[in-house]
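K.L.:
For chain D, the structure is supplied; the task is to place chain U on it using the hints.
Sequences listed follow chains D and U, in order. Converting from the first sequence to our numbering requires adding 220 to each position, the first position being numbered 1. Converting from the second sequence to our numbering requires adding 13 to each position, the first position being numbered 1.
Each hint should be verified, as a subset may be incorrect.
[Unchecked claim] Pair ranges (Cβ atoms, derived):
| id | chain 1 | residue 1 | chain 2 | residue 2 | range |
| --- | --- | --- | --- | --- | --- |
| 1 | U | 21 | D | 283 | 31 to 37 Å |
| 2 | U | 115 | D | 865 | 46 to 52 Å |
| 3 | D | 397 | U | 110 | 41 to 47 Å |
| 4 | D | 283 | U | 115 | 26 to 32 Å |
| 5 | D | 239 | U | 105 | 52 to 58 Å |
| 6 | U | 90 | D | 274 | 24 to 30 Å |
| 7 | D | 329 | U | 120 | 36 to 42 Å |
| 8 | D | 633 | U | 115 | 22 to 28 Å |
| 9 | D | 316 | U | 115 | 20 to 26 Å |
| 10 | D | 718 | U | 111 | 31 to 37 Å |
| 11 | D | 946 | U | 110 | 49 to 55 Å |
| 12 | U | 105 | D | 283 | 32 to 38 Å |
[Unchecked claim] Quick partial rundown of chain D residues pointing at chain U, CB under 10 Å, derived from the structure:
| id | residue |
| --- | --- |
| 13 | 305 |
| 14 | 840 |
| 15 | 848 |
| 16 | 943 |
| 17 | 946 |
[Claimed, not checked] Far from chain D by the CB rule (all over 10 Å, computed), these chain U residues:
| id | residue |
| --- | --- |
| 18 | 19 |
| 19 | 35 |
| 20 | 37 |
| 21 | 87 |
| 22 | 116 |
| 23 | 119 |
| 24 | 151 |
| 25 | 161 |
Just so you know, the hints here were simulated from the structure itself, not pulled from any lab data. Heads up, the beta-carbon is just placed ideally off N, CA and C, and yes, glycines get one too.
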Amino acid sequence: MTGPAYVIPDADIGERLAARVGGKALALARMARAGIAVPSFVAVTTDAYAAYLDETGLRVRILFELERKDFTEMRWEELWDAALRIRNLFLTTPLPEELRAALAHSLAAHFAEVATVVRSSAPGEDSAGASFAGLHESYVNVRGVDAILEHVKLVWASLWSDAALLYRRELGLDPRRSVMAVVVQEIVAGERSGVAFSCHPDDDRRALVEAVHGLNQGLVDGVVEPDRWTLDRRDGAVLEHHQAERREMMSAAADGVRLVPLSGERRDVAPLAADEVPLVYGLARRAEGHFEAPQDVEWTLRRDELYALQSRPITTLAGAAGDGRAAYLSLTRSFDSLQGLRRRIEDEDIPALVAAADRLAGTPLGSLDDAGLRAAMQERKFAHDRGVDTYVAEFIPFAHGARLFGSAYNDVLHPEDPYEFTDLLTATPMLSLRRNAALARVAACLRDGDHAAAERALSEYLAEFGDVGGVGGGGGEQAADVRSREEVLGVARRLAARPVGRAPVRPDPAERAQRFIEAYPEAERERAAELLELGRASWRLRDDDNLYLGRLERLLTEALDEAGRRGLDVDEDLRPRAVTLPSPLGVVPPDVGQAGQVGQAGQAAPAGPPSADPAGVRRQARQIVGQPAGPGLAVGIAHVVAGRDDLAAFADGEILVCDAIAPEMTYIVPLAAGIVERRGGMLIHGAIIAREYGLPCVTGVPLATELIRTGDRLTVDGYLGIVVIG
Amino acid sequence: MDYSAETFGMLRALFARQRLGVLATHGPEHPYASLVAVRADDDLRHLYFSTTRATRKFQFLSAEPQVAMLVDSRSDDDLDFHGAVAATAVGAVRELEGDERALQLAAFLTRHPHLRPFASAPSSALVELEVDTYYIVSRFQNVTELHMR
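Only chain D is shown next, with the shape it has when bound in the complex (with noise of 0.2 Å):
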């Protein structure tokens, strides 16, 4: 019998098969014809790749995962939990027993003893318009024919990234016409690695070199800093030496590559002696004439041997037209370079907001004579700025330590739920449940008609919790406690009305970390008990952040607030900011949950009755699909929250149908039967939330709060994401 080949060696590899093979496997081989060292290599090829989704019926199922929702229409992180639902049916879902039979008797025959890089190929990958490189994974330090044909279901599965799934549609490209092929190439540990630029990106009179120690996997990643060298392109002539402040490097492990130290005698050595730089550039030279175009090359030196691991065209000369794919690369982020940004977050960020907040609370308003209130008023805004810069440059990357760890969980463990992983980032408590415990406190004794016991409680909540938002958020003023009081009570005695026991059975948290952590090999176990202590702080901060910076909104707009009744002129430019994000979706809505743009947004979207056309013909909703994020099923009234005034009218077994859940909303949380929500994602407030109560919960709603109204009878499948009105 002969079919497809699979996998096809290096020797092999001819511009006839660069659609088979793709652009990377090409490219290797017409090097290493031109006499250039590069690892031994396969390219496993699109055919088996085309065989996996036919015969395993993937191709339609990740159709479906796309196409619930126009992709214009989704929110970054909806297509992050498509491409994680995509990944984990490529986890999942074994390859067919002959071809497996067939790729594993191939790769055995190169790689049974030796370690491995796992790289994407895709045909188009790499040409002079476009780039993937860092879109689509690589993995290094494969060993063995499972591992390896593990990773090569990796390497397909990152075709359907949320990265290179926005980088192909700003291309113009048709995912679903997206194929690719993988190289499985003999690792080469050089002692010292880097990249070089035969022409710099930024001056096409010069050439660029680029070092570091160890593996150059560090280099790529961004998380180590390389000795940077500019070169006369004519001559080679080197212009400047950057020195690296050089820490660490990369190192193979057992498994992958880890970050180690630098011992201190290469800190002070540059990765490249001064005769060494040239000869680098010289390789970028040499594949610049083969190619017939500027390249970006990979090296690495081996006892003093020079390889290439890839060459590709140079796509950001200068002058060129720029494209988004730096801002693709940055909706990943390393582990590294998250820890690092946790203890910014962690030591520096959060007690700054807290102690402004603490500072400006500490100023009654009442006090002050109108120039007081004005100075206060431009303090507000100018603690409320900074919250917000603080909120976009650190909290909201920081989300990323959560799918980070997400991802890692479900590459080890293999789930049938692609999400099971959000079990174990609840082990610690946020702002917002142990708010709603101390809530049900004050119910539990007005359930048990202890009226005192519950005064005690009333006052411990206002203590602690009296202005960080949600009932009660008076800011500290006097006036406000009053009114936040009766708030908090109202509450209160209709959760002491409502049955009690409804909490979920929830898996043990402590027991699924150990499953976790064993799941890795002795030696990498330190490693991912820091991943899930990584992916709990963010998930907590994901929650908390609100409500720091919802407090600080609160001490503005109180302030605001008392200019106008002292009938003060308010500027406009004192208004709260609101949080818009840098997206490469390019418009994205003002959805992170904040009170004043809920509420704006509840405004601009109000419940309606169904449209009419000229012709009297009426359409009315029936179904909508979103996105599962709370499993369960609700049968129930919609209560429409538009902001907080809506929010004394919501009663007990109602659906909690909003824009999306703010702080100042989460208290009535435990009253809802079910959440339905127009911002789509799983890691969102709302989503967390619902999964803390074990309440059905469908998020990315279209118009969820247009085409659904106050009184609408609800089916809420959070099984499959699907809302069903009347």
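P.N.:
Frame of chain D, contents of chain U only:
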């Protein structure tokens, strides 16, 4: 010639080729038609489809189990008037539960593997249509009845 065998063969070929059928249910105020993924068992006495319980069709068939299911081979061009075969199955439906559901769900998913997340969800029902009669239309006006009970 064994006409029954020939008709069975035609029906089997139809169900082997077609993945979707049109389910007709009765509502209190109006009839209702919906497209569903369908699987027939080997002797064609039972058809199976999956639906979430919150759908209109599920509400209707729960209240009135007598339904019809149309499966046809049309490709939406002129040749269909002579070439297409349409089979309407009528009978009563019931939701499967327990071992019966597990058994038939596995068979359903071999026919529709990509529907696994949908059909396996706790909110989805697997429904069995026990066929009383097939009404088979071929060559435009040629109608054959196949009484299964």
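K.L.:
If a hint holds in the structure, say so; if it doesn't, say that too.
P.N.:
Verification of the hints:
| no. | hint | in the structure |
| --- | --- | --- |
| 1 | U/21 x D/283: 31 to 37 Å | holds (35 Å) |
| 2 | U/115 x D/865: 46 to 52 Å | holds (50 Å) |
| 3 | D/397 x U/110: 41 to 47 Å | holds (43 Å) |
| 4 | D/283 x U/115: 26 to 32 Å | holds (28 Å) |
| 5 | D/239 x U/105: 52 to 58 Å | holds (54 Å) |
| 6 | U/90 x D/274: 24 to 30 Å | holds (27 Å) |
| 7 | D/329 x U/120: 36 to 42 Å | holds (40 Å) |
| 8 | D/633 x U/115: 22 to 28 Å | holds (25 Å) |
| 9 | D/316 x U/115: 20 to 26 Å | holds (24 Å) |
| 10 | D/718 x U/111: 31 to 37 Å | holds (33 Å) |
| 11 | D/946 x U/110: 49 to 55 Å | violated (26 Å) |
| 12 | U/105 x D/283: 32 to 38 Å | holds (35 Å) |
| 13 | 305 | holds (9 Å) |
| 14 | 840 | violated (13 Å) |
| 15 | 848 | holds (9 Å) |
| 16 | 943 | holds (9 Å) |
| 17 | 946 | holds (9 Å) |
| 18 | 19 | holds (33 Å) |
| 19 | 35 | holds (18 Å) |
| 20 | 37 | holds (18 Å) |
| 21 | 87 | holds (22 Å) |
| 22 | 116 | holds (20 Å) |
| 23 | 119 | holds (15 Å) |
| 24 | 151 | holds (30 Å) |
| 25 | 161 | holds (31 Å) |
The structure fails to meet hints 11 and 14 from the earlier list, while all remaining hints are met.
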